[in-house]
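Protein chains in written order, with this note's numbering: chain H, 1 to 392; chain P, 1001 to 1392.
Hints should not be assumed to be uniformly reliable.
[Stated by the list, open to error] Footprint (simulated), chain H over chain P, 3 or more residues, beta carbon under 8 Å:
#1 1006–1013
#2 1222–1228
#3 1238–1245
Just so you know, these hints were derived from the structure itself, not from any lab. C-beta: ideal position from N, C-alpha, C; glycine also.
There are 2 protein chains.
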Amino acid sequence: MLNFVFNNATKLIFGRDTHREIGGLIRERAERILLHYGGGSIKRSGLYDQVTSSLREHGVSWTELAGVQPNPRLSLVRRGIDLCRQENLRFILAVGGGSVIDSAKAIAMGVDLAGDIWDMFERRLEPQTALPVATILTIPAAGSESSYNTVITNDTTQVKRGCRGELLRPVFSIINPELFFTLPHNQMAHGVCDMMSHIFERYFTRTEKTDLTDGLCESTLKTIMRNARILNRDGSDYDAWAEIAFAGNIAHNNLLGLGRMQDWACHAMEHELSALYDVPHGAGLAVITPAWMKYIHTKHPEMFVQFAANVMGVGGSARASETMALEAITRLERFFAELGLPLTLGALGIDDAKLEFMAKRLTGFDGNREQRIGNFESLGWEDILAIYRLAR
Amino acid sequence: MLNFVFNNATKLIFGRDTHREIGGLIRERAERILLHYGGGSIKRSGLYDQVTSSLREHGVSWTELAGVQPNPRLSLVRRGIDLCRQENLRFILAVGGGSVIDSAKAIAMGVDLAGDIWDMFERRLEPQTALPVATILTIPAAGSESSYNTVITNDTTQVKRGCRGELLRPVFSIINPELFFTLPHNQMAHGVCDMMSHIFERYFTRTEKTDLTDGLCESTLKTIMRNARILNRDGSDYDAWAEIAFAGNIAHNNLLGLGRMQDWACHAMEHELSALYDVPHGAGLAVITPAWMKYIHTKHPEMFVQFAANVMGVGGSARASETMALEAITRLERFFAELGLPLTLGALGIDDAKLEFMAKRLTGFDGNREQRIGNFESLGWEDILAIYRLAR
């Protein structure tokens, strides 16, 4: 186990009706806020009315910034920063999924920042200042409701970049599984794939002796798969949503990655896809992850035997590690297919035209040098291209 | 799953050499502190010198209060409160195990309290004020380094009582597994039993649909048992201590109990033993827990089948639930015996004389009414007496 520091500062408020507490919870911290959300879904579902009436009831006034899109855009972040500065708003409430929360975090970082906000992403700087952000989660997926990460797409350059720092953990997050009953099926599937990937990025490691977190990862992955299958049949099963949402939360608050070297190559490879083709992040991960596993498993037979046996329920002889690994990958693909997730770039509508461009851009390959990605298995642009091709 | 709120405010600083950071970490928060510890062990090990030289180096001055004993005493807590008031100390550093940390938390609660500190315990009041406490853990066991609990023994009345509240979570805790190499073997065993019990108290529940936390509990219990067996052979295995200490931490920061009705009857029954006979808490739990399981398992066959299969590795037919349950309990006793833990009250030096007294006192039985304990299986004084007798 490696040394680590863990400080999950986000207060989690979980369960039925909890979103109705929002006004009181905010009022302890602020009187005027930026209310940040996506589009019409929170209005159609009635959530918008419930939130604003609770805010009103507790004397909290708000300025709205709607319009966050999946793969949240830098241009809207800039508008949010300007708005907070103009109206001297010092608290942001994000009502939405990971995109809305990530957008809120980026705005929060930018308001008191002297320089340009995109610089923080481009240069992967750790924020030294950020407004407090609270969230009401409407899509369990990204884990942004208590993670220290935000990912933004620069809509001028089509570059998608992440930024991280402890200041980016929301001060509190409300998760009410009832709010997920109206989600379209594909958003459930994308969310499930995203949270599983957050665990895979941590689980597949070269760090030895990671007994506790291995087990926590394995157990959480199995919980996600079991309960996703329930939601696949019945999208209004409270208990299954509760398990998925809770699992999605710990999948990315970094508990499961403590003391381990983490990988993050699949996320990086997917970010290229969603930046260029604007595909849903979870769908992109469903395509990339099995291809990545196929490309690298022979180099890490023990890790894949463990994954096969402890997560995917593959029996058999560990001496036949390749058989076990391939069966595990097949089962993962089959699970993704059950959820209606795409398994190929073709199914995402992505052809071969830019595979090499993406592979080279991701590593910053300049004809000579490149910055390899991934810690479990280090990948250069040629590896990435091979993985993209395996995913066709 | 039940609704829950979770806010683990303690910053965890984990790994080799981390205790050497103490001076700098304190200096961000205070210049003058109460340094609270037990006896000579931190002086013999050199930890005392390392801590005080780091404090000195960062310009932190301290007043010492040593002398915390296992089952920490109210009388010393009162002395600590007086000392902090007299010298206007507003920060407490606890260097020790659960007893030292619990004592520090009780002092922290008392300094700004208008009334009497024991009242908070006797009436189970939630503290509304507490000085910040930081810890350097020297015994992984109680989980007090990030729990919201403290347990104190009133040395006048021999009553042991707990108190809890979010304000009691330490602001930061340092866990360096290297500090545990010099622990006597029995302290390892007691600690292991205590942390397993913290999980059992949460795991055995009547709450339905607790898939994620079931799995986290089961996985953490297995990690503890695997690594305790390593330490049983080699008390200076860094990785095994790291797993045990990390597991002991999450065993009691309440992550594993979120959304579940919890039991806590075994802890209550043990507190009677250690209050009256001053036995180590972990040793008392090793005696009480299997007896409690034997007494109640037939009423909860499904839960015990799950425990048997998923934690204790008992195969077999769930239709023969009693066979599986008994085998699981036998394996648990065998595991405790492997660690050299006592399995009977006799082995703790406790005879029959006060069993009935303890059972009645625990429920406040006044000849007519009693306050039953336990939520998984509700126990009256006669049940408790029966369990004590099963433990003979």
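These are the hints, each one checked on the structure:
1. Evaluation of the coverage hint for the region 1006–1013 of chain P: fulfilled, as 8 residues show C-beta separations to chain H shorter than 8 Å, against a requirement of three.
2. Coverage of the region 1222–1228 of chain P by chain H holds [criterion: at least 3 residues with CB-CB distance below 8 Å; count 4].
3. A count of 3 residues in the region 1238–1245 of chain P with a Cβ less than 8 Å from any Cβ of chain H is obtained; the coverage claim is therefore met, three being the minimum.
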